[in-house]
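2 protein chains.
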Amino acid sequence: MELQSIANGIWKGTIGVPETHTPVTMRKFPMREEALQLVGEAKLPEAAECITFRRNARGLQIMLPMDSDEDIYGFGLQLRSMNQAGRKRLLRVNSDPAADTGEGHAPVPFYISTAGYGLFVDTFRHAEFYMGTSLEKGRSAHCMEVNQAHKEFSESALYALKKNVERRTVIIDLKAVEGVDFYVFAGNVKQVVQRYNLFSGGGCLPPMWGLGVWYRSYGGSDQEAVRKTARSFREEKMPVDVLGLEPGWHSHSYSCTYQWSYLFPQPEEMTKELEEEGYKVNLWEHVFVYPAAPFYQELIPFSGEYEVWNGLVPDFATREAEDIFADYHREAFVRKGIQGFKLDECDNSDMNPSNWSFPDTAEFPSGMDGEQMHAAIGGLYQNLIYDVYHGENRRTYSQVRSSGTLAAPLPFVLYSDLYDHKQFIRGMVTSGFSGLLWAPEVRNCRNGQDLLRRMETIMFSAHAIYNCWRIPNPPWKQVDIGKNLAGEFMEEAEYYTDVCRRYHEIRMSLLPYLYSAFVKYWKEGIPPVRALAMDYEDELQARNVDDEYMLGDSLLVAPMILEDGVCRKVYLPEGKWYDFWEGDVLVQDAAEVEAIEENVREGKVLAGSAAKGNEIEGGKVYLIRADYDRIPVFVRDGCILPLAEPVQYVSRDTVFAIHPKVYGDGREGCVLYEDDFESFAFEQGRQNRVSLTADAERHICVQRSGGEKERYRILG
Amino acid sequence: MELQSIANGIWKGTIGVPETHTPVTMRKFPMREEALQLVGEAKLPEAAECITFRRNARGLQIMLPMDSDEDIYGFGLQLRSMNQAGRKRLLRVNSDPAADTGEGHAPVPFYISTAGYGLFVDTFRHAEFYMGTSLEKGRSAHCMEVNQAHKEFSESALYALKKNVERRTVIIDLKAVEGVDFYVFAGNVKQVVQRYNLFSGGGCLPPMWGLGVWYRSYGGSDQEAVRKTARSFREEKMPVDVLGLEPGWHSHSYSCTYQWSYLFPQPEEMTKELEEEGYKVNLWEHVFVYPAAPFYQELIPFSGEYEVWNGLVPDFATREAEDIFADYHREAFVRKGIQGFKLDECDNSDMNPSNWSFPDTAEFPSGMDGEQMHAAIGGLYQNLIYDVYHGENRRTYSQVRSSGTLAAPLPFVLYSDLYDHKQFIRGMVTSGFSGLLWAPEVRNCRNGQDLLRRMETIMFSAHAIYNCWRIPNPPWKQVDIGKNLAGEFMEEAEYYTDVCRRYHEIRMSLLPYLYSAFVKYWKEGIPPVRALAMDYEDELQARNVDDEYMLGDSLLVAPMILEDGVCRKVYLPEGKWYDFWEGDVLVQDAAEVEAIEENVREGKVLAGSAAKGNEIEGGKVYLIRADYDRIPVFVRDGCILPLAEPVQYVSRDTVFAIHPKVYGDGREGCVLYEDDFESFAFEQGRQNRVSLTADAERHICVQRSGGEKERYRILG
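Chain order of the listed sequences is A and B.
Residue numbers are given in this note's numbering: position 66 of the first sequence equals residue 66, and the series is strictly consecutive.
Residue numbers are given in this note's numbering: position 669 of the second sequence equals residue 669, and the series is strictly consecutive.
Bound conformation, chain A alone (with noise of 0.2 angstroms):
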């Protein structure tokens, strides 16, 4: 297989005549040339010179030799597993997949080696990966054990020799297909990562608003409910930046009109006021026109053969319909102040019964089949929207149900219906292996603790939203459903509403930091949620951890959910760590404590030697103890954290009051960005760049680069 370099660290391969419509071809962010110099030196890896391939009348099948300790990470987002060697994994969008097949709202034909490459397959198609999943014949010719006594013939003794250990091959199964770019990219996991995120175009940067609080109202609201809801949130000091509604388009026609309902007469003058009380409004809905839409007619030669909930599915491949819908949203939403859309339904499900989405084989105007629509609409819907802002010069942060390749340019945030908080956690360890963002929404909860769970998970996540469609006032009055829809409140309402508003202003004042990670996804291409192997892949206890993340380059964060209690077990990585809460949660050394095992099984008495605000050593596990109101946050040593004072929302003039505060020797510092926090002046290089560091006697030293205006007053 020749391959060709087409960026440092980087190479292209070719098979037969690959098809029209692909990720690449249909792509609208370039690639980051110069950004890519920075990842470092690369030389071509060593399995993209064992790549084969064959072609046949089924399609097409590209092999690749993998040893058995390799660790195998993306395939976009994954909510049922993160390592996904000895793992077959189907690349299909589908919104409920039931079991862990690959399937999900967000697949990429990307994954990332640890044996030092990445390959992205430029396809639109169902691919099949086997991971290593299969020996060829003959490997086991060697193996002749057979018929070893046993005491208890189990299942465990029975399925005992599955896993195999020998060498084994990685194939990617391409049905229906002629032919196939694919790229290779170099280096480990996180420069990888690094370098798929730049080819695609650099890591989104939202505007500082995005990184607030958002609050999804209850989805039957009328205007007078909707200002009800935003007053109260500014009358009780609960920080919330974005409000969510739903316009009444889609409730009764299921796909859309795109016209405010008779529950929103005046739509105009409820944005304007929603916005003088310092509110961002996002509009919920879905791609599919319902006939009552202005641009139906328009819209018909545009859409594909089938229509989906009585509606048409515009081809946004063609540049018609992009633009009618485009168009549309400019002058009906984007002018009048709508900050942003949530874009819902655009993915594909098994689950449902009749006409839910469209089938593989419905033909677009563009050329473009079902098959391929399925996987591209959420990309392209996402393009459109991102273009018509652009178009304005506003930054927006949106939402969307289904993303895929090449994605990392898109402000845009994936959630699910599916409710697990365990899988919510591990959405934001595996989307950031593929240019992905994922919101683990709190909607439903089983109970008040189980509010404080996920709630507290929002807030340490790229996207702290309250998607609360289902219920007319905040869960942290009323977290069951009926009740809360017939207005009656929990008695320790007070309570929850006091942990809330505490998280929403830890979130606050955590804005500066945030904003500079995504800063760092955007100029070079690293996530700022990041599972930990792709900071610790060295580390081969870290690489099988799922459900801690690292926020930003300084917090690891471990979630705790509701089965949990209040005890979970967290690998810290080597080196120093600091509890975020200065000691209100308890750290013992697991091996300790399971030394001493009663004890822990009774769940109250813990023992071994506890570590309360002081320094922890890394590089072992730990087994944390933290009350319902405090999730697990660790710091990493010798950074600054340049904490907020907490604003009740980002406005246009908003200055930030900085308190850093040092860990360690505060040896590495940070760096803060400021620039208008909404327009794409950045672009154009209209930022600050202001250095934080440390000196011996733990002064914060502050170099400020850049002539914008300064949004940050950095404090003693």
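Honestly, I wouldn't trust all of these hints.
Remember, identical chains collapse to one label, so a pair may be satisfied in a single copy or spanning two.
Said to hold, decoys possible - Derived lysine to any residue pairs resembling SDA-like cross-links, with alpha carbons at most 20 angstroms apart:
#	residue 1	residue 2
1	K137	E305
2	K569	Q588
3	K137	E322
4	K272	R231
5	K483	Y495
6	K137	E320
Hints are computed from structural coordinates only; laboratory data are not their basis.
Predicted, not measured: the structure shown is a model, and the values here were computed from it.
Place chain B on chain A using the hints.
For chain B alone, kept in the frame of chain A given last:
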């Protein structure tokens, strides 16, 4: 589309150049043309005249119109749904389908429509059938109603408009296929099934012993333990015909050696001894050949490209692999008294990591690929074993975990590790649409009541099997696995033993009746276990009943699951019915009972006019109350049930003493068949037909034709 008539009521269509390897090109059983003549007059169904197709780079698509009131059945074993109208079916072998996608142990690209036709697409590919899920663009152009007032914004409101009522489209999606044959079958649901089964070669006729009770013994048993189990059944007068064994050849290699392990030092002696005690021995094996197997070397050139569990995958589409496997099995087992096999693990799975089955891309010496082989291997494996027995002029009744198209002539019963009792009942209902047999095996039981409910179900199924591979003692002694392993018995063991014994005896008394049902399967293609939709298609209420079934001509079975407690609803088709238990089951008009709902909710007090043993008027839903030792079974008016005096097991010389039981006026009588019950002589007409009718005084008249030995002694 030009269609060619190939038999009475069957037409063939061809698109392009079909693939070489398909169910029909590889069929082993000829179509039963003469039997097809008897099914009835038929003209080309309307739908068949509207078939269109499309070929493109992606493959081939076939389209048919579908009315909104059409019901759809078939697609092989479907555990999660029966009526497939409005659903998408993916026909892919998958032993662990986590959702209702159409995948399973035995998918079949054949469906039946209540619009008077059936369609079989002759392919081993992962065909996808969209059964009216899609509306063509423009069909909803008239829909303009939106944004109606709604009191509560809830999911039910949101999803209310999803079910469409417009004329839909059936789409059959065949990827990477250039051409295909398909077959259209005319008639009502039952006739279409008959035609499909006779096209397949007619239904199988198991040996009489196969219809007795089966017991698969503990997988860790040695020779002595098996003998002890066998003796215990005879001592306890617990009728059992078949004993299943694990010869120790896969439990520590997982792929098979096909050699008795050290646990069985004298396998031939043991087999002979068991035979003398009236047992048929069935061996548990896999299709994957471990290097220590005697024919491993010989098989290498005739096996697939990849291994499974360190073993070869024989390519049974080559004559050589077939012969190697068949010759070995004939000599080593069949000629040494083994009466059948459990062909395990020949399906695929998404759920298990690493090396579970071969990739779809695998190449086989025959020219088949892995995708085709997954769909074919179960059938090929069955054919091979069947041929060995046929060559010895001995019938087998065996088990297989994957099957598929044209399987009606194969005397193999499907089973599963999935263990939902409701799904297991549905499996009986759905498998009968596509020429398959299904065993609702008793495996684990949550408690004694669960044991009873599951045991009752198997006794009124095509295959009465306990699968006790996890427990050394019978479940009627102890249902808890841990305690069973420890040899600790339940307090109520005697009670459960007695109830089980009574059901074993009932099963034995049904043998002649069940044998007749299978003869009908063989002669006419009418399956022994049938959905109500097959016999009572004209009754709309019957069309969605997926938890009751007809067993033979005269019995309607409505099993209960543990969750039902002692109450369930049963639809009885029009006409008169009788309680099999002569009044032990309480039958109450469900509508009446619902009118006094309160009492029902309390669970105890049942009101309404109860029928006890009397004639029950059909055509409506009843509330049935049946204690844990009673499975609701109803007898069709006008039939004669030929109940036999139970024997402990069926031997070569068994003559059944029959007590005919007349229901109503007995006008429909019953027909019995006598032959040697174990060889293929019946295929040459060596079979008596014994007709039982009732005269005006309900006295039995017996008419016997044929010169074979009499096996039934008709009493009273």
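Just pull the numbers of the violated hints for me, sorted ascending. Violated hints: none at all, because every hint is consistent with the structure.
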